[in-house]
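Keeping their order, the protein sequence lines are chains C and L. Per this note's numbering, residue 1 is the first one in the first sequence, and the count goes up by one each step. Per this note's numbering, residue 1001 is the first one in the second sequence, and the count goes up by one each step.
I should point out that these hints are in silico values taken from the structure, not numbers from a laboratory. You may find that some hints are simply not true.
Simulated crosslink set (DSS-like; lysine-lysine; CA at most 25 Å straight-line) [as the list claims (entries may be wrong)]:
hint	chain 1	residue 1	chain 2	residue 2
1	C	59	C	16
2	L	1502	C	16
3	L	1175	C	16
4	L	1216	L	1189
5	L	1553	L	1540
6	C	59	L	1463
7	L	1411	L	1400
8	L	1471	L	1096
9	L	1189	C	16
10	L	1085	L	1074
11	L	1175	L	1216
12	L	1504	L	1463
Covered, in the sense of this in silico footprint (three residues per stretch, anywhere, with C-beta under 8 Å from a C-beta of chain L), are these stretches of chain C [unchecked claim]:
hint	segment
13	10-16
14	34-43
15	48-58
Glycine included, every Cβ here is placed at the ideal spot set by N, Cα and C.
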Amino acid sequence: MTVRLNEAGVIVIEGKSPVEDAEILLEHLHTHPSATIDCSGCHFMHTAVVQVLMAANPKMLGPCGDDFVRTWSGLGAKSNGKEQRRSKS
Amino acid sequence: MNALLEQFLLEARELVQDAADDLAALEHAPDDPERLERVFRAVHTLKGGAAIANFPVMAQLLHAGEDVLSELRKRDIPSAPAVIKAALRCVDQVGKWLDEIEVSNELPADASVQAEMLTQALRQHLPQSATKMSAQAGPDFDWVGPLVAATPGVSDKLRRSEARLVAIAYEPHAKCFFNGDDPLGFLRKVPQLLALQIEPRSPWPPLQDMNPFECKLVFRAVSRAPREQIAEIFRLVADQVRIADFAPDAIPAAERGGAASRDLIRHVLEAQRDMLALPCRDKEFVGRLGAAARTAINVLRFAKAGPEADRIERARDEAVDARAAAPVLDALDRLLAEHASGSSKSAAAEQAAPSAAGGSLASRTFRIDETRVDHLVNVAGELIVARNGLNDLAARIVAKLGEGEIARALKTQNAAIDRLVNETHRAVVRLRMVPLAQVFRRFPRIVRDAAQELGKSVACATKGEDIEADKSIVDALFEPLLHVVRNAVGHGIEPPDERRAKGKAEEGQLSLTALRHGEQLIIEVADDGRGIDPQAVRRKARDQSLITEDELKDLSDEQVIQLVFLSGFSTAPEVSQMSGRGVGLAAVRSAAERIGGVVSVSSDVGRGTTVRLALPLSMALVRIMTVESGGQIFGVPIDAIAETVRLPRDRLIRIKSGQAFVLRDQIVPTCQLHRLLDLPDAGSRGDANDALILVTDAGGETAGVEVDGIGERLDIVMKPMQGLLAEVPDYAGTTLLGNGRVLLVLNLSAILQ
């Protein structure tokens, strides 16, 4: 499972996140609208997942681990200030 | 038709004309940078106008034209005739489309096919790397500039490298995820990616309505990799992606820098405002406004400032209607002030000035409906007649009262009104005066095309195009001149080999000359071709029985060649597309006569032909002198009179059936006006009286016309002869005198012939 909701109420996306993750991610965001996202451990994100993140525009815990997505999608750029600390996974 | 479209048509026509003229001239002098610059600007403005008026096909074609011209301007490609010709065809096509739009409000159905063909033809001339569909093109690739500019560090890199960029617009199918596509996956493979923008196609729906497996994203990217390589990556989704080459230097300077996009946006908006505040020629106004507004809107949209972009859009529409840049300037100023949010208040204060200047600029010239001007001209004409009546009345009162105080006051007042009425009339008539350049400028192009069609080479020179004449005359001039010019190119000027054999330069010369001769406008169309052979004309006239043998015998060669203006006359052995149907020159004559003109031809066999049109300059005031003859009063235009001579009757010498007198060592043949007009001799002249003679050059040579009396001088508005009388050449027109009588104004040149 590359998408999970941890005990702290953070949605964690890890590893290689395939297209199916989009639905699960969306579910989580439905049930926990104020959940924070941690995708710093995700080194590859499918477009569908990126799309859900862009639409939901959730709070991000650190920058995205997928270099390409981080560079171009703007996801995690406006994070809570921890991006300096964790530049890459 | 809405105001925007109407305005666009008006301006686009002028621009097309300008561009076509300059391109035609460039064919002869391909290295004229000023002309090239002018064409480039005209095409650029046209493109902007076409985009605003919502003719994307036209804008795209013009864009291709602009690309080629831009390369020419930078001397990246040599200005070969073929390139100019392709550009000319592009401009011509736009001209044709404008005609279509005027009729149907839209482009013809085959427009996109034609545009594609012409675009291909244009692109052939572009350097290899840019041969494929180019970018910053049309609305589709508007985003490239802002995107590159907004991506930090990119534009600096670009300046250093000479490479061409590739722009990628990728709009995946909504169902692409089901096909196993990962759009970002393709983009990850793009080498040397410089910028990528990921945006939703439409605003995001609420999360609960979102379908996670429907792709709603669109991608825009810029890369430095070769186009082919990129095309290969997107091979499987080729239908969803558009790839275009893009020249880095096409990114506007204002968008350079790549600092924070906020600064950048301000920068761009400021640049647009500054540009709009600059003085601008009326015809460029819509184009410039459109370009500025579009750039502002794009940059705002890019910055996700939709409402602001809408505001500019509304302001633009308002500005187009008002024909003043002020609404857009104001909107830009407000936006900039908001953007600055207090940080640069002084800048906002400065902006008030250019906005005011921009507002007043547009009103410097304005267009008026022609019928309103005509109404004014008519009223001013009536005013003259009324003034003449008042003059008459004043003269009678003064005669009755004698030189008293009241009489003097009346005279003074009358003189003042006289002056003001004249001035008013002159000013009003001037409203309708346009330079002949409006007609003349079309000819170099026509001559060139006609000559090419016949495999001839003809240079066309025009002179006197700044002479002004009444709009109706200038407008009516085109058709007869066209016939004459086509005749000259078709029949007059010989093919190159024939010219060479005759020892002439291969390139034929055709000149259009306008000059003012008193109240007349003389237009001469001269060629250095084979001339008109009087013998051939005689033969033809006989064969076609246009004239009887007896009549023909009495005609001099000079008179014989005038027969070419007879209806049905043609010396051309065959009918070509251009001339030779035997209607040409007859049509010239009737067209010239319709506007009160006379046409004549002179020719030197083997040397060339000159067709001369003599036309009235305007409906302006004509200064006449009233003369008496055969018991009647006539008007004679003062311009036709060189001088008046009073001389003792014994100074008149009888020569055969005519009379003559010696004026400054020159013998001047003279004739009595009543004889010329077949009027009874009023017999008021006794031998004791001196003879009163008008000396005139009107008939082509100096001649005298004896009259019985000379009356007053008047400024009149001459009405041309109408109906049956229009056929009588002896009279130039009529006018209403102050006492209500109709005065016939003589056409001395016709009478003396």
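Hint check:
Only pairs whose Cα atoms come within 25 Å are accepted, and residue 59/C paired with residue 16/C is accepted, the gap being roughly 21 Å. For a cut-off of 25 Å, the pair hint linking residue 1502/L to residue 16/C is broken: about 87 Å separates their Cα positions. For the given pair, residue 1175/L sits about 22 Å from residue 16/C by alpha-carbon distance, which is consistent with the 25 Å threshold. Under the criterion of a C-alpha separation no larger than 25 Å, the hint pairing residue 1216/L with residue 1189/L is consistent with the structure, at around 21 Å.
At roughly 14 Å between alpha-carbon atoms, residue 1553/L and residue 1540/L fall within 25 Å of each other, so this suggested pair holds. The straight-line distance between the Cα atoms of residue 59/C and residue 1463/L is roughly 76 Å, outside the 25 Å bound, and the hint therefore fails. A threshold of 25 Å between alpha carbons decides the hint, and for residue 1411/L with residue 1400/L the separation of about 13 Å falls inside it, so the pair holds. Among the hinted pairs, residue 1471/L with residue 1096/L is consistent with the structure: their alpha-carbon atoms are about 24 Å apart, no more than 25 Å.
Under the criterion of a C-alpha separation no larger than 25 Å, the hint pairing residue 1189/L with residue 16/C is consistent with the structure, at around 17 Å. For the proposed pair residue 1085/L and residue 1074/L, the alpha carbon gap of about 18 Å is at most 25 Å, so the pair holds. With a C-alpha separation of about 9 Å, the suggested pair residue 1175/L and residue 1216/L falls inside the 25 Å cut-off, and the hint holds. Between residue 1504/L and residue 1463/L the CA atoms are separated by roughly 23 Å; this keeps the pair inside 25 Å, and the hint holds.
Given a C-beta distance limit of less than 8 Å, the hint that chain L covers the segment 10-16 of chain C is violated, as 0 residues qualify and 3 are needed. Requiring three or more residues with a Cβ within less than 8 Å of a Cβ of chain L, the coverage given for the segment 34-43 of chain C is violated, as only 0 such residues are present. With 7 residues carrying a beta carbon less than 8 Å from a beta carbon of chain L, the segment 48-58 of chain C meets the three-residue requirement, and the given coverage holds.
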